[in-house]
Amino acid sequence: MPSLQDLAFLGISAFTLASAAGVAFSRKVLYSAFSLLGTFAGAAGLFVLLSSDFIAVTQVLIYVGGILVLIVFAVMLTNKIGDVKLSNQSVNYKVAVPFAAAIAILLISILTSGMWVQKDEAYTSMIVPIGNALLQDYLLPFEIVSIVLLGALVGAMVIVRREVK
Amino acid sequence: MVSLNSYLVVTAILFALGLYNVMTRKNAVGLLMGVELILNAASINFVAFSHFNGNHVGGNVFSLFLIVLAAAEAAVALAIVVSLYKQFGTINADEADSLKG
Amino acid sequence: MGFAKIAFGLVHLVPLLPLLGAMINGFLTYSGRKVPKGFTAFVACGSLFLAFLISVGTFLYVSGLPEESRELTVTLFPWIDSGSFKADVAFLIDPLSITLMLVVTGVGSLIHLYSVGYMSHDESFSRYFTYLNLFCFAMLTLIMGANVPMMFIGWEGVGLCSYLLIGFWFTDKEKATAGMKAFVVNRIGDFAFIVGFLLLYWTLQSSGAATVTFTEMRDAAPMLAGKTWNGVPVVMLVTLLFFVGATGKSAQIPLYVWLPDAMAGPTPVSALIHAATMVTAGVYMIGRTSFLYSMAPETRMIVSTIGFATAIFSALIAFAQNDIKKVLAYSTVSQLGFMFGAMGTGAYHAGIFHLVTHAFFKACLFLGSGSVIHAMGGEQDIQKMGGLRKYMPVTYKTFLIATLAIAGIFPLAGFFSKDEILWQTFNHYPWLWVVGVVSAAGTAIYMFRMVTLTFFGECRADEHTKHHLHESPASMTIPLVVLAALSIAGGFLGVPDSLGHLIGWEHSNLLEHWLEPVFVMPREHAMASHSTEYGLMAFSLAVAIVGCYAGYVLFSKRKDIPAALVARFPAIHRAMQNKFYVDEIYQFLFVNNLLRLNNFLAKFDLKVVDGIVNLVGFLTKVSAYISGAFDRIFVDGLVNLVGNAARWGGSALRRVQSGQIQTYLYYAVGGVLLVMLYRLL
Amino acid sequence: MKQDLLYFLPELVLIGTILLLIVTDFVAGTRAKAVFPFFAFVGIAGMMGAVAATFYLAPTTFFTGMVSVDDIGRFFKIIFGVSGLLGILLSVKSAEVEKADQASYYTLLTALVLGMMLLGSANHLLMLYLALEMVSVLSYILTGSLRGVRRSSEAALKYVIYGGVASGIMAYGLSLLYGMTGTMAFPEIAAFLKANAVSRPALFVSVLLVFGGIGFKIASFPFHMWCPDVYEGAPTPFTAFLSVGPKAAGFAALIRFFLVGLTTPGQDVLAGTFLAVKPVGLVEMLTVLSIATMTIGNLAALVQNNLKRLLAYSSIAHAGYLLMGFAALSQEALTAVLFYLVVYVIMNVGAFLVVLVVSNQMGVEDMAGYKGLGRRGGRGTYLALVMTVFMFSLTGIPPMAGFIGKFYLFGAVLKAGLYGLAIAGVLNSVVSLYYYVRVVKVMFFDAPDDARDIAIPAVSQSWILAGLAGLTLYLGLFWNGLATVTERSTGLYASAYAPPVAVAAPAAPEAAAPAAAPENK
Amino acid sequence: MFPYLSFMTFFPLVGAVLIALLPKEKTDLVKKVALVATLPPLAAAVKIFMTFDRGSTAMQYVEGPYNWIQAFHIQYYMGIDGLSVSMVLLTALIATISVLASWGIDKQVKGYFSLLLLLVTGMFGVFAALDFFLFYVFWEVMLLPMYFLIGIWGGPRREYAAIKFFLYTLLGSVLMLLVMLAFYFYSDGQTFNLVELAKQGLHQGPFANPHFRILCWLGLFICFAVKVPVVPFHTWLPDAHVEAPTAISVILAAVLLKMGIYGILRINYPILPQETLYFANMLAALGMINIVYGALCAMAQKDFKKLIAYSSVSHMGFCLLGMASFTPEGLNGAVLQMFNHGTITAQLFLLVGVIYDRAHHREIAGFGGLAKSMPQYATWTSFAFFAALGLPGLSGFVSEVLCFMGGFKTFRLYTIVSVSGVVLTAAYMLWTYQRVFLGQVNEKYKGLPEISAREIVTLVPLAIITLLVGIYPKFALDLLNTSMTALSQFVDAKNLAGL
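Protein chains in written order, with my numbering: chain L, 1 to 165; chain P, 1 to 101; chain S, 1 to 681; chain E, 1 to 521; chain X, 1 to 499.
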């Protein structure tokens with residue numbers, strides 16, 4: 001008898017994968033972008049199921065609120081809305097399909113037979129441990145990522161800035 | 001009882017879909033979406049491993065960083081795409097082939 | 001004995017004096033300085049004559065020694081010394097080498113003298129004498145060398161000089177070719193000689209007697225008995241190989257082909273090198289290594305057989321030749337055959353005896369022919385001569401004497417030496433005796449054919465030549481006379497004991513007794529009785545006389561008989577005239593195939609060996625193109641398949657080619673997959 | 001705490017420099033163009049000085065094992081510093097870089113050096129990933145920094161997409177590794193793998209996927225294809241830098257990941273070998289990748305006509321050679337890799353500098369433009385001569401330093417018993433001769449198409465070239481000093497192996513100490 | 001003690017640097033400096049010849065071992081024994097001669113002579129180095145100048161020839177590199193010292209496995225075989241020779257080819273004696289093939305220089321045959337043959353150069369009757385030809401006979417076939433001589449100037465040596481005899497111990 005949790009997992013993962021497939025196979029780039037939203041949301045759902053509420057929130061904030069918006073902007077900026085083609089055609093797919101399938105099958109077979117470090121799972125909020133970790137053990141990465149972000153900001157500006165006369 | 005393996009199957013498929021995407025898309029933005037799929041797969045993996053390892057904090061932190069870095073990368077990548085488009089009017093990655101050989 | 005002793009002390013100068021002469025003249029030639037011909041002639045003749053005097057002194061000195069100590073080695077300095085292999089520059093002075101030294105320096109001096117007249121008009125006068133002196137040096141080294149390598153120096157040296165002298169008038173391509181042919185054919189013999197020497201040396205070495213000197217080898221030779229290589233007795237192999245070497249140098253079947261061509265050189269050269277001395281080196285070598293031949297009866301039989309076969313074969317060819325020098329050349333080959341026949345019987349002294357007498361009369365004949373050619377203005381065809389005895393009395397007389405000598409008319413030199421050979425042959429290989437007698441008869445006939453055509457009858461030369469006919473100058477006739485005298489008297493060196501016995505001259509065979517200590521004789525062989533010997537002697541003399549007469553008659557009074565014979569058997573005549581096509585057969589069988597092989601190999605080298613390497617290089621390049629353009633080709637095809645290329649066609653940007661990031665990724669994923677599969681499956 | 005900051009001094013210097021550059025940009029703007037390279041140069045030089053000044057500090061790990069500060073890290077910091085300085089020197093006079101925004105170009109370059117330093121000292125999966133991303137993102141930007149130059153933007157696009165995928169793959173691999181061991185610090189991973197059974201295929205796959213990210217940085221098969229396009233498209237001075245700096249950083253990361261994260265010191269410590277903790281086929285994998293990488297690089301280079309592309313493929317091939325050292329998994333191999341990297345930096349930057357000068361002077365990057373360069377006399381001959389030195393050094397012919405590098409590498413490989421790999425390596429060297437020598441051939445054997453005299457390149461560039469060529473020759477003959485340095489770096493690295501977290505085998509420090517001993521006799 | 005060997009090795013290098021600094025226009029000065037740079041080594045060579053201890057098997061004029069690269073125990077270690085001394089002397093002589101023979105170079109004179117001197121440095125170094133690494137470095141150092149000398153100053157197909165030469169040699173030397181490293185790692189105390197390696201023998205690690213030893217032997221052998229060159233690795237030689245300028249051909253034939261044999265004798269023989277014995281049969285067979293094949297190919301050549309090149313292939317076969325025998329005779333013969341071939345072939349190439357300079361082609365068929373128009377030239381050529389075909393009394397004979405002597409003891413059949421080379425050599429040499437010098441004078445070449453004094457000067461010392469060694473070989477043999485006998489005994493001892 002599947003528990004509620006199981007059902008939730010099944011539902012969310014099916015949704016995630018379906019929208020991922022939408023991203024991959026959709027013929028229009030805008031559709032892909034919207035499918036991506038589903039994937040991101042699905043992933044956030046999975047995070048919740050995995051008791052990582054903080055990550056789930058971050059996911060929604062950054063991915064949906066940041067990246068996805070960026071992507072949609074990019075799509076808009078680089079295509080005329082009315083462009084029927086709104087090109088998202090595929091190349092290589094005759095070979096890519098078997099490749100991707102092979103990768104999936106190999107990974108699934110290897111991973112499901114793998115030996116992973118497992119302890120009793122527990123559903124506790126991760127916010128506190130994450131907060132502690134970020135300011136103690138992971139202080140350095142936390143600082144560095146700020147430099148990376150700074151660099152990315154500067155760089156993005158450099159790249160899109162208009163030609164200096 | 002949802003096992004770790006169920007999550008692994010999901011991420012494996014997600015990963016493969018991401019790879020498929022980057023192999024086939026013509027549109028540079030489309031390609032970037034593939035990258036995001038892959039990163040999401042990795043992210044879910046981290047959290048899942050973390051969860052099934054007694055809520056080990058490392059995986060969570062890693063996935064947090066993954067998300068942030070993905071954002072940074074996406075920003076730069078999209079900047080490049082936009083700039084290329086502004087200069088040359090296309091973002092079809094397969095047309096960017098003046099470098100080859 | 002003062003003179004003799006001093007002379008012996010200077011014996012190493014015997015070869016070195018001519019070398020010095022060659023160096024002086026050679027330097028003058030090279031520098032192109034004009035020096036009086038007299039000086040050149042003086043240096044050349046003088047050095048050799050001095051060597052002759054020293055040889056005579058040495059002879060006197062050695063003959064004064066007791067018989068058992070007539071074997072002296074003069075060592076100058078060590079030559080090759082490596083491992084067990086030690087060879088000195090040393091000369092062996094024993095009766096055999098002294099005999100040959102006397103012949104070479106003596107006859108050589110005469111021919112040098114003759115050449116002064118003969119070559120007086122040649123622009124390369126000094127070059128000629130350089131070569132000639134150099135030849136004497138090499139020949140003397142050959143006969144005086146105390147060990148095999150020393151002998152080989154001379155052996156090759158005479159080959160070199162023969163090459164140089166045959167091709168003396170090198171602007172004539174045929175003459176140059178003849179020289180090359182001589183050298184290369186000789187080298188084929190040398191090949192066998194070297195192999196034989198190597199085999200001999202290592203067999204001796206393995207028996208504990210690593211030596212190359214003749215005397216030590218002789219002492220160690222008994223150890224060779226019973227030694228085999230691949231089941232064949234080593235002695236037999238070695239002697240056979242040496243004999244092959246000898247066939248090259250001494251123009252025996254199958255390597256005789258070079259000698260007739262060698263007549264391209266100046267006639268005195270033919271006299272000295274291709275009649276008197278060099279060509280007899282093979283005979284000398286067998287004599288020198290008699291200790292081996294005496295242990296190998298099978299080889300001796302082969303030697304005799306080849307010898308007599310050559311004798312009759314070349315006699316047959318000589319019948320049909322019209323070039324005076326060619327006739328003499330084939331006659332030389334034939335006489336050399338006799339010598340080998342003698343060596344094969346184990347009667348080495350007989351071979352050497354014939355060698356000596358042959359040197360006298362054949363040198364005389366060649367010089368005489370030279371005189372004739374000189375007088376005829378270069379004409380060598382006997383069909384165009386005739387009646388010359390009126391014009392050139394001295395030449396005629398000496399020539400006739402020498403011819404009689406070669407024909408074996410008693411009591412001229414040839415009679416004794418040839419008779420000794422036939423007698424020994426009769427005792428050992430009676431059937432070869434038959435061949436020998438037939439050849440002897442043939443010799444008499446064709447020699448008299450030549451004499452008749454040349455000196456008797458009407459002169460067939462054109463008026464212009466006839467007008468110029470004259471006797472040669474004294475520098476040319478004096479050697480002729482001396483040689484003719486020697487042709488008469490030379491025979492008394494070896495009067496058979498059976499004949500000497502009749503007149504109460506014990507040990508009348510001087511040469512045999514003189515040479516006795518040198519040779520190791522084979523096992524005693526039962527000899528037929530004296531009476532048989534007398535009978536045979538008489539028989540061969542009769543044959544010779546008949547032959548001479550026949551030769552005279554057939555080509556003066558009854559010319560119709562040979563003409564009829566020719567008409568009856570044209571094919572045979574033609575074959576004889578063309579020397580039985582041996583040259584052509586060799587050309588066809590060996591030379592052509594060799595050249596074909598060469599060209600094939602050169603092409604093989606160029607195409608295949610190099611080609612393989614180039615192919616590898618090419619494949620590398622191809623794979624480089626494939627990997628460099630892997631995506632281009634592969635993806636191009638794929639994209640064409642999809643049909644996208646056409647849609648975006650027209651713009652350079654839209655050319656769908658490599659440079660596509662998707663393709664790169666696809667490639668990367670493929671690689672990951674590949675590595676995974678490689679590891680996991 | 002004060003001491004702790006001292007450990008971090010080089011990084012701090014660079015961070016200060018970056019801030020200074022940003023501020024200067026705000027304050028001075030475009031007016032003070034010349035000041036940016038100067039600041040960056042001084043900053044990087046200061047960083048190297050700081051490394052030297054803190055050399056006496058004992059090796060340790062930092063931030064709860066996130067980064068380690070040890071001799072091998074310092075060694076790499078110096079390499080990065082040198083390549084950074086060379087990158088700046090090359091950029092200063094470059095016509096191409098003039099088109100870029102000066103302030104941000106040098107700021108990002110400095111930041112890139114910082115990222116490389118972090119990558120070189122990362123001792124933790126997260127740090128590894130983070131530093132790698134930092135290097136990547138900054139590289140993308142710098143590649144695309146030439147505004148209005150199509151090939152630059154195009155290269156950047158390819159670079160970013162390829163890099164994104166590679167980092168995604170790597171992240172996925174990292175997650176598997178994390179799931180397998182439950183930890184992210186390298187020494188702990190190794191200790192765990194040594195103590196516990198894991199699924200071998202899963203471990204292999206995870207290592208392979210992680211290698212995807214690092215292999216992308218070092219341009220190894222099968223993640224090499226971006227390399228020629230990006231090298232060709234990027235501004236040449238940056239390409240020169242890219243071909244040595246980030247590549248060296250990739251190797252630094254590889255060293256830590258493989259030798260600290262996946263292996264423990266072997267029993268045969270005296271021989272200096274490492275043991276791959278689990279027989280996951282690490283050696284086979286690296287062997288295959290190494291052979292494939294050098295072969296593809298060399299073969300593809302054979303047909304190149306553009307010098308930059310040729311050098312790009314050549315750098316792929318060199319990554320293959322360097323990977324041989326990892327397959328050998330030994331102390332010698334590590335020394336060899338370090339040695340080779342130094343030599344590689346010198347000769348590769350030298351070659352790129354020649355390309356740069358020629359393209360500035362003659363406006364060509366194609367082989368045809370090099371026709372008869374050595375016959376033009378004067379500067380042309382000079383350029384051709386130094387180029388010849390670099391080409392032969394890259395081929396690996398004595399007495400150039402490149403030979404010594406190969407000598408070291410092949411030695412280590414042979415000692416490890418990988419004869420097949422060694423033979424593949426030398427055969428590749430022979431193949432590589434063909435295209436390197438083709439450059440030399442074109443320069444000396446062919447007649448120039450025109451009588452143009454090559455203009456005198458900037459004096460500073462002449463001197464840099466002379467210095468690099470001189471070093472190439474000098475290190476080919478007298479390499480004892482460098483050898484000692486590299487050996488000491490790895491020797492101390494081995495002794496610093498034991499992490500402060502007390503999970504590793506306690507025997508390691510004692511066991512590793514004698515590893516260096518015989519060398520110091 | 002004065003470091004003769006280092007002096008000889010590096011003095012030309014100093015000259016090379018000096019030349020590089022001279023002004024471009026002063027070509028005469030450049031040539032003079034180059035000549036002067038080769039004379040002191042020549043003087044040193046004479047001194048070595050006078051004072052070399054002929055009775056000792058030890059290394060002489062030893063310098064070092066000084067530590068060079070401690071990290072790898074690499075030493076600067078120079079020294080010569082009976083094997084190398086003849087080669088060092090030959091190199092000194094050929095160096096001077098090649099500078100003289102290059103007097104006519106008029107293109108990029110500076111570059112030419114500095115490369116030439118650099119090449120000389122490499123050659124000396126190879127023969128004097130006793131440290132394997134040092135040996136390798138010098139070995140490769142020769143490669144670069146050679147490549148340029150052929151590639152820039154060569155004939156029409158010079159680029160092809162140069163790259164071919166380079167690739168072949170490099171392929172060989174990378175194999176040597178691998179074996180060298182294997183030697184190093186599995187020797188006691190890890191050393192590159194060749195003397196020490198020979199003393200030790202190698203039995204550690206993989207060297208305990210005979211297959212590995214055999215592989216190592218083969219690796220070295222291929223490297224050296226390319227240089228010798230052994231058929232089928234020889235195809236670079238005709239091309240390189242034909243395209244190279246005269247002086248470079250001379251160096252190539254006289255010195256570079258010797259390095260192959262020298263390497264086998266210096267490295268394969270003492271360090272891997274058992275494997276050498278194992279392959280002796282193959283060596284001899286290859287020697288035989290070289291002799292016969294080279295001679296046959298030579299006969300078919302139409303290009304004068306190519307013919308000489310193939311004759312080199314043939315002549316180097318004698319060395320292989322002799323050294324494969326492991327007898328003192330054979331080894332002495334092989335080394336002496338190296339020396340003799342060096343002097344004789346140098347003359348041949350110089351002579352070809354003489355005619356090429358005048359007629360600007362080398363087609364054998366295009367000449368004829370030159371003996372009439374250039375009698376002195378013809379004399380020199382005939383001397384060299386007869387020396388090359390092994391005329392007794394000239395040096396070639398002595399070494400050939402010794403090679404045969406040695407070879408016959410061990411390999412009868414191969415030697416017998418090889419002796420046929422004597423016939424073939426005579427055939428192609430004389431045939432060539434005839435086609436070029438004899439017969440009707442070709443009208444075109446009637447007025448060719450006679451061989452010049454400078455050209456004669458290059459020939460005279462070589463000719464004197466040819467004659468001297470032919471008449472009094474002790475003069476050269478004494479130098480090698482002790483060492484070669486010791487080597488053969490050493491291998492024999494291994495033979496008894498191992499089999």
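Please keep in mind that the hints were generated in silico from the structure rather than gathered at the bench. The reader is advised that the hints may include incorrect statements.
Said to hold, decoys possible - Straight-line C-alpha distance at most 25 Å; calculated BS3-like pairs for lysine-lysine:
{"hint": "1", "chain 1": "S", "residue 1": "K34", "chain 2": "X", "residue 2": "K302"}
{"hint": "2", "chain 1": "X", "residue 1": "K24", "chain 2": "E", "residue 2": "K371"}
{"hint": "3", "chain 1": "S", "residue 1": "K34", "chain 2": "X", "residue 2": "K24"}
{"hint": "4", "chain 1": "S", "residue 1": "K603", "chain 2": "X", "residue 2": "K302"}
{"hint": "5", "chain 1": "E", "residue 1": "K371", "chain 2": "P", "residue 2": "K86"}
{"hint": "6", "chain 1": "X", "residue 1": "K444", "chain 2": "S", "residue 2": "K173"}
{"hint": "7", "chain 1": "S", "residue 1": "K37", "chain 2": "X", "residue 2": "K372"}
{"hint": "8", "chain 1": "S", "residue 1": "K384", "chain 2": "S", "residue 2": "K603"}
{"hint": "9", "chain 1": "X", "residue 1": "K302", "chain 2": "S", "residue 2": "K173"}
{"hint": "10", "chain 1": "P", "residue 1": "K86", "chain 2": "L", "residue 2": "K94"}
{"hint": "11", "chain 1": "S", "residue 1": "K603", "chain 2": "S", "residue 2": "K466"}
{"hint": "12", "chain 1": "X", "residue 1": "K47", "chain 2": "X", "residue 2": "K107"}
Remember, predicted model here, so these are calculated numbers, not experimental data.
* Holds or violated: K34(S) to K302(X), with C-alpha atoms at most 25 Å apart -> 38 Å, violated
* Asked: Are the Cα atoms of K47(X) and K107(X) separated by 25 Å or less?
  -> 35 Å, violated
* To do: Verify the proposed pairing of K34(S) with K24(X), using a straight-line Cα cut of 25 Å.
  => 46 Å, violated
* Taken at face value, is the distance from the CA of K372(X) to the CA of K37(S) at most 25 Å? -> 20 Å, holds
* Under the criterion that the straight-line Cα-Cα distance not exceed 25 Å, is the pair K302(X), K173(S) satisfied? -> 19 Å, holds
* If you draw a straight line from the CA of K384(S) to the CA of K603(S), is it 25 Å or shorter? -> Between K384(S) and K603(S) the Cα gap is close to 50 Å, so the pair fails against 25 Å, i.e. violated.
* To do: Compare the distance between the alpha carbons of K24(X) and K371(E) with 25 Å, and conclude whether the hinted pair is satisfied.
  => Roughly 21 Å separates the two Cα atoms, so the pair holds.
* **Distance restraint between K603(S) and K466(S), which requires alpha-carbon spacing of 25 Å or less** => 57 Å, violated
* To do: For the pair we were handed, K86(P) and K94(L), check the Cα-Cα distance against 25 Å.
  => Distance of about 32 Å is beyond 25 Å: violated.
* Verify the proposed pairing of K444(X) with K173(S), using a straight-line Cα cut of 25 Å. => 18 Å, holds
* **Straight-line alpha-carbon gap K371(E) to K86(P), limit 25 Å** => Answer violated: K371(E) to K86(P) is near 38 Å, above 25 Å.
* Holds or violated: K603(S) to K302(X), with C-alpha atoms at most 25 Å apart -> 12 Å, holds
In terms of the numbered hints stated before, the structure departs from hints 1, 3, 5, 8, 10, 11 and 12, listed from lowest to highest.
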